[in-house]
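Can you make the complete structure from the sequences, with help from the hints?
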Amino acid sequence: MSNDKTKWIFDNDDDTSSNLDSDFTESIGAETIGTTDVGFDDPTQVSGDDETTRLMPSNEKTQIFLPGQSGATAASVNYDDLQDPVVGWLVVVKGPGLGQSVPIGVGMNTVGRDTSSRIALDFGDKMISGEDHARIIYDDDSRGFFIAHGTGKSITKVNGKMVATTMPLENYDVVEITKATHLRFVAFCNEKFDWSDLADKG
Numbered sequence: 151m152s153n154d155k156t157k158w159i160f161d162n163d164d165d166t167s168s169n170l171d172s173d174f175t176e177s178i179g180a181e182t183i184g185t186t187d188v189g190f191d192d193p194t195q196v197s198g199d200d201e202t203t204r205l206m207p208s209n210e211k212t213q214i215f216l217p218g219q220s221g222a223t224a225a226s227v228n229y230d231d232l233q234d235p236v237v238g239w240l241v242v243v244k245g246p247g248l249g250q251s252v253p254i255g256v257g258m259n260t261v262g263r264d265t266s267s268r269i270a271l272d273f274g275d276k277m278i279s280g281e282d283h284a285r286i287i288y289d290d291d292s293r294g295f296f297i298a299h300g301t302g303k304s305i306t307k308v309n310g311k312m313v314a315t316t317m318p319l320e321n322y323d324v325v326e327i328t329k330a331t332h333l334r335f336v337a338f339c340n341e342k343f344d345w346s347d348l349a350d351k352g
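Just so we're aligned, residue 151 is where the sequence shown starts under the working numbering, counting upward by one.
Worth flagging that the hints you see were computed from the coordinates, not collected in a lab. Predicted model, so just to flag it, every value in this text is computed and none were measured. Fair warning: there could be bad hints in the mix.
List time: in silico SDA-like cross-link candidates among lysine to any residue, alpha-carbon distance up to 25 Å [stated by the list, open to error]:
1. Lys311 - Ala298
2. Lys244 - Gly302
3. Lys307 - Asp264
4. Lys244 - Ile269
5. Lys342 - Val308
6. Lys342 - Pro253
Here are the computed distance ranges between Cβ atoms for each label pair [claimed, not checked]:
7. Gly274 - Leu348: 34 to 44 Å
8. Leu348 - Ile305: 31 to 41 Å
9. Asp290 - Thr315: 20 to 30 Å
10. Leu348 - Thr301: 27 to 37 Å
Virtual Cβ for every residue (Gly too), placed ideally from N, Cα, C.
Okay, structure coming up:
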């Protein structure tokens, strides 16, 4: 029938369908990337603009690069480059900021409400002094933590005992900064680990 609207489907004069089959068959075979023929049985490479991008190197050791660094720069990084690594935390277990944590660094840590304090407790308790309410110290030589009273007017207590002089701070001690805000001390560094151990091992 000359006016059959479906006649073109069976029309062999147009080889478009064969071209489509050919193109489709070629597209699922090996494809050329740059100067390298890569098939789908090689999951380590995908095509880039003009070069091959490796996804899963099978014969190379895993390398971990720090953010913003790569190649030779990353390889040259050592543990002496660590800036103010965390050695422990204070976790709010009572009062404003309940469930929040703040990190403790090496050396002297002033505790205060102001964001300028090394340990800033700006969760809303106005009874916490703006600066130097208390001081928490980590001595990396002895790997010990200590707490001392600062210049704030509020009394600081550890496990219910007033901090009048510098005293040791033990893991999981409760620090009562004010009557409203209590903190649980959690140590990361101790006699079993300090960041200097990584430097010693190279």
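Structure-based check of each hint:
1. Lys311 - Ala298: holds, 12 Å
2. Lys244 - Gly302: Within the cut-off at roughly 20 Å; holds.
3. Lys307 - Asp264: holds, 20 Å
4. Lys244 - Ile269: Given pair Lys244, Ile269 holds - Cα atoms ~17 Å apart, limit 25 Å.
5. Lys342 - Val308: Holds - the C-alpha atoms of Val308 and Lys342 are around 24 Å apart, at most 25 Å.
6. Lys342 - Pro253: holds, 19 Å
7. Gly274 - Leu348: 34 to 44 Å: Given range 34 to 44 Å: holds, Cβ gap about 38 Å.
8. Leu348 - Ile305: 31 to 41 Å: Taking Cβ atoms as reference, Leu348 and Ile305 lie about 39 Å apart, which means the hint holds.
9. Asp290 - Thr315: 20 to 30 Å: holds, 22 Å
10. Leu348 - Thr301: 27 to 37 Å: At 36 Å between Cβs, range holds.
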